[in-house]
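S.K.: Position chain P against the provided structure of chain L, taking the given hints into account.
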Amino acid sequence: MNRYLARAVVLVMAAGLVAACNSTTSSSGAKFSGTTVRVVTFTGPQIAEPLQRRAPDFEKLTGAKIEVITVPFSDLYQKLLTDFATKTNSYDATVFDPQWMGDYVPPGYLEDLTDRVQNDSALQWTDIAPFFRDFSATFKGRVYTVPLDGDFQMVYYRKDLLQRDGLTPPETWQDYINIAKHFQGKDLNGDGKPDFGSCLAMKRSAQSYWMYFSIAAAYLQSQGTKQGTFFNTDNMQPLTNNAGAAAALDIYKQLSKLGPPDQLNNDVGDSRGLFVTGRCALSLDWGDIGPLAVDPTQSKVQDKVGAVILPGSKQVLDRSTGQLVDCSSTTCPYAINGINHSPFAAFGGWSGAINKAASAKVKDAAYAFLSYMSQPAQSSVDVTIGKTGFNPYRTTHFTNLGPWETSGMSETAAKDYLGAIKASLNSPNMVLDMRIPQTAFYQQTALDTALAQFLAGELSAAQCMTQITNQWNSKTDEIGRQAQLTAYKSSLSVTK
Amino acid sequence: MSGQASTRAVPIAASARSPLVSRLDRSAGAVFILPAVLVILTFSIFPLLASLYVSLTRLSFSEGGVHLTFVGLGNYAKLVVGIDRTHFIGVTVPLTPLTAAVLAAVYGGVVFLLVRYLRSPGRTALGFVGRLVTAVIAGTLVWLVVDTVLTSGRPGTLVVTLIYVSVDVSVQYVLALGLALLVVQHIPGRRFFRVVFLLPMMITPVGVAYLFRMLTDTSKGPLYPLWAHFGLTDVSWVTNPWGARLAVMIGDVWQWTPFIFIVLLASIESLPVELNEAAVVDGANRWQLFWGVTFPQILPATSTVVLIRLIEAFKIVDLPNVLTNGGPGTATESLTLHAYTIWRALDIGGSAAVAYMLLFVVTFVGITYVNLFRRRVTAMA
Numbered sequence: 001m002n003r004y005l006a007r008a009v010v011l012v013m014a015a016g017l018v019a020a021c022n023s024t025t026s027s028s029g030a031k032f033s034g035t036t037v038r039v040v041t042f043t044g045p046q047i048a049e050p051l052q053r054r055a056p057d058f059e060k061l062t063g064a065k066i067e068v069i070t071v072p073f074s075d076l077y078q079k080l081l082t083d084f085a086t087k088t089n090s091y092d093a094t095v096f097d098p099q100w101m102g103d104y105v106p107p108g109y110l111e112d113l114t115d116r117v118q119n120d121s122a123l124q125w126t127d128i129a130p131f132f133r134d135f136s137a138t139f140k141g142r143v144y145t146v147p148l149d150g151d152f153q154m155v156y157y158r159k160d161l162l163q164r165d166g167l168t169p170p171e172t173w174q175d176y177i178n179i180a181k182h183f184q185g186k187d188l189n190g191d192g193k194p195d196f197g198s199c200l201a202m203k204r205s206a207q208s209y210w211m212y213f214s215i216a217a218a219y220l221q222s223q224g225t226k227q228g229t230f231f232n233t234d235n236m237q238p239l240t241n242n243a244g245a246a247a248a249l250d251i252y253k254q255l256s257k258l259g260p261p262d263q264l265n266n267d268v269g270d271s272r273g274l275f276v277t278g279r280c281a282l283s284l285d286w287g288d289i290g291p292l293a294v295d296p297t298q299s300k301v302q303d304k305v306g307a308v309i310l311p312g313s314k315q316v317l318d319r320s321t322g323q324l325v326d327c328s329s330t331t332c333p334y335a336i337n338g339i340n341h342s343p344f345a346a347f348g349g350w351s352g353a354i355n356k357a358a359s360a361k362v363k364d365a366a367y368a369f370l371s372y373m374s375q376p377a378q379s380s381v382d383v384t385i386g387k388t389g390f391n392p393y394r395t396t397h398f399t400n401l402g403p404w405e406t407s408g409m410s411e412t413a414a415k416d417y418l419g420a421i422k423a424s425l426n427s428p429n430m431v432l433d434m435r436i437p438q439t440a441f442y443q444q445t446a447l448d449t450a451l452a453q454f455l456a457g458e459l460s461a462a463q464c465m466t467q468i469t470n471q472w473n474s475k476t477d478e479i480g481r482q483a484q485l486t487a488y489k490s491s492l493s494v495t496k
Numbered sequence: 001m002s003g004q005a006s007t008r009a010v011p012i013a014a015s016a017r018s019p020l021v022s023r024l025d026r027s028a029g030a031v032f033i034l035p036a037v038l039v040i041l042t043f044s045i046f047p048l049l050a051s052l053y054v055s056l057t058r059l060s061f062s063e064g065g066v067h068l069t070f071v072g073l074g075n076y077a078k079l080v081v082g083i084d085r086t087h088f089i090g091v092t093v094p095l096t097p098l099t100a101a102v103l104a105a106v107y108g109g110v111v112f113l114l115v116r117y118l119r120s121p122g123r124t125a126l127g128f129v130g131r132l133v134t135a136v137i138a139g140t141l142v143w144l145v146v147d148t149v150l151t152s153g154r155p156g157t158l159v160v161t162l163i164y165v166s167v168d169v170s171v172q173y174v175l176a177l178g179l180a181l182l183v184v185q186h187i188p189g190r191r192f193f194r195v196v197f198l199l200p201m202m203i204t205p206v207g208v209a210y211l212f213r214m215l216t217d218t219s220k221g222p223l224y225p226l227w228a229h230f231g232l233t234d235v236s237w238v239t240n241p242w243g244a245r246l247a248v249m250i251g252d253v254w255q256w257t258p259f260i261f262i263v264l265l266a267s268i269e270s271l272p273v274e275l276n277e278a279a280v281v282d283g284a285n286r287w288q289l290f291w292g293v294t295f296p297q298i299l300p301a302t303s304t305v306v307l308i309r310l311i312e313a314f315k316i317v318d319l320p321n322v323l324t325n326g327g328p329g330t331a332t333e334s335l336t337l338h339a340y341t342i343w344r345a346l347d348i349g350g351s352a353a354v355a356y357m358l359l360f361v362v363t364f365v366g367i368t369y370v371n372l373f374r375r376r377v378t379a380m381a
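From first to last, the protein sequence lines stand for chains L and P. What the first sequence shows, in the numbering used here, is residues 1 to 496, in sequence order. What the second sequence shows, in the numbering used here, is residues 1 to 381, in sequence order.
Pulled out of the complex, with its shape left as it was, chain L reads as follows:
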């Protein structure tokens, strides 16, 4: 019995020694031991997935525990704003839409990260493409976010199908319609069922309204980025009721009938799923389809997908008359083959920010986590995984093809995919997304509702344009036209 007792004592002592060693090891390497950072973002799996996946690794490295809280996309804006404004401060950091900085920065809710990013060599700040540093991260000359994602909308097409039928990728929106009509109702994946010419997200209260401006921008903006797509920079009058907007609505309506029967109820997750399972010839989306198309667990179109810059138009809006005019060297100075392309940096890319009201230690830990997520070692892998929702935004993401090939993308496919993004990123006529106070109302409420009503047949094109214009004007007057104009012009004056 005594012998058993002695063994037990030895075991307990040994266990205690091991525990002591462990705690010594972790405390010596754990800079943020005992610190918990609550990060809020939208209900994934995209965006939340890489944060959740990498949180345990970060905890091992630094000791900081990362709690990822998710809320639906449509609720994220107000959840954050009410949390900050009521000083509830239940979130220490957020990965959010940088468009909302116009509402979050002026009241002083976000931590100024300028000094931190400049003193953080591991972040490799200058490796992040200038557009994302200047638009997604910076507000009035100060850095408030760490970019984690690069967002451009582009068109994806089934390379195999187009080659088989002697078609070329769409250069104009009319080309897009023609190709969609060609494939609508045909079996595109060999399962014997009729498939669809084009798959778009058109669901209300989701992320669909960006698609409309991807089409409309080709007609509305032709004189370079600083011309702006949403408002006239002279008087803040919306550019939503003119011949260009009408032409875009016409294409948008046609596309609603060249897809799956329940397309009006499809969000981006649905349209992506349909495209990578081979049911669509074309799709309009952010960079997510590229990596998803090589994911062997869900894709039936591996190495069959091509990507091109957003299609353009041979006619653009003359803002003085409100009518469309043909492209010329004056009206479309950046046209390619007589076609005005206006690649849309829709959304701006998910970016991380820190609550100014968090404690100093939590802010340090939160910054360390955001920096860790953005550093090339992590982000170069994450942007190649479809389910992360992160798209390339660093120079190395475009130049280093190794991670892309490791992910299963062929060199040709990688160059094709990255080429489409680079063409958008380098375009002098790139379209910046709206970033003014109450952007959420202008886009998520007024625009989204009117477009949904138009697609459903509740509004004619003219009624839809009038409704959007009236609601935007009403909100602008409510907040102050001059203040909104200043904010809009400020948002366009980015240094590319």
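Bear in mind the hints are in silico, worked out from the structure with no lab data behind them. Ideal Cβ placement from N, Cα and C applies to all residues, glycine included. Some hints here could point you the wrong way.
What the hints assert, rightly or not - Among chain L residues calculated to face chain P with C-beta under 8 Å, some are:
no. : residue
1   : K186
2   : S205
3   : L264
4   : F347
5   : S474
M.R.: Positioned in the frame of chain L, the structure of chain P alone reads:
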């Protein structure tokens, strides 16, 4: 005897107490009630008044907090005559022969009821004014429904909610009554069916919405073979305004019929069998048994359960939000979803105004129902 003794003893005991104790005794009732009153004031009355004030303001965010600007009835005006009129009320069009005929019939009926009341011996001035106000509000709501549904117009969230409430509660009641009458019969497996019929009520409304989202998906849902058999794979329930509303209403009926079912079942099972037996002896057939004996006896339970469902049905939000996000367009958007949509963009004042409009409508319907139907039924019982 003992009672008299004790009443005599009380004043003697009271007179022996100090004034302080007597005072405490007198206020004991108030002290015991106070916590409950405070809870109600804090969690019910204060938020109600605060949200009323918020509905008269516009909220903006400034450094260090929020700023409320008083805008009077501006948020309500936006809904009724302003920029959100078509969203809230809908699109009205000039009367057609059909709508004129329907309205004439409804208004004729209302006038007939008013005249009948005026001729009745129990009429009072207050009763008449109450009925007149009810007739005017009800008449306006009927006009809205008729003019936006039976014409080329478009129903707004107010009318859509009224349609949900009237159709859902009516269908739920009829189905629940049928099921309750069926289950009280001595049929095999009736215990099993009682449980099965209750299951939908146990499921979270969001789960029901996802379930119906899958069922209505004609291109890849679990009912795909059925849709394919009938050649309906190119048809979408949820992209057609009335198809989408129908999907929402079917989901709501499926979920909430069990609630009415269980109440009616309990009511029917508690009825004395003697009345039925006496009626059978008198030669009553099954229909006469139901209409003359069973139905009048379950009217009090009916009136209560319908009132509860009416009030609950006005608050429908989960199903249209998850099933269609209020779409296509705003076709399936209820008043609660309307308020939620505005609130998401942090137009708190506008959202509170929609919520108050809902409160007015629910209160009107509730009071009208209680005054015109429930009291009468209870008195009959």
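S.K.: Each of the hints needs a verdict: does it hold here or not?
M.R.: Hints and how they fare:
The interface hint given for K186 (chain L) is broken, as the beta carbon of that residue sits about 14 Å from the closest beta carbon of chain P, more than 8 Å. The interface hint given for S205 (chain L) holds, since its Cβ lies 4 Å from the closest Cβ of chain P, which is under the 8 Å cut-off. Interface restraint check for L264 (chain L): the shortest CB-CB distance to chain P comes to about 4 Å, inside 8 Å, so the restraint holds. At a threshold of 8 Å, the smallest CB-CB gap from F347 (chain L) to chain P is about 17 Å, leaving the interface hint violated.
With 8 Å as the threshold, the beta carbon of S474 (chain L) comes within range of chain P, its nearest partner Cβ sitting at about 5 Å, so the hint holds.
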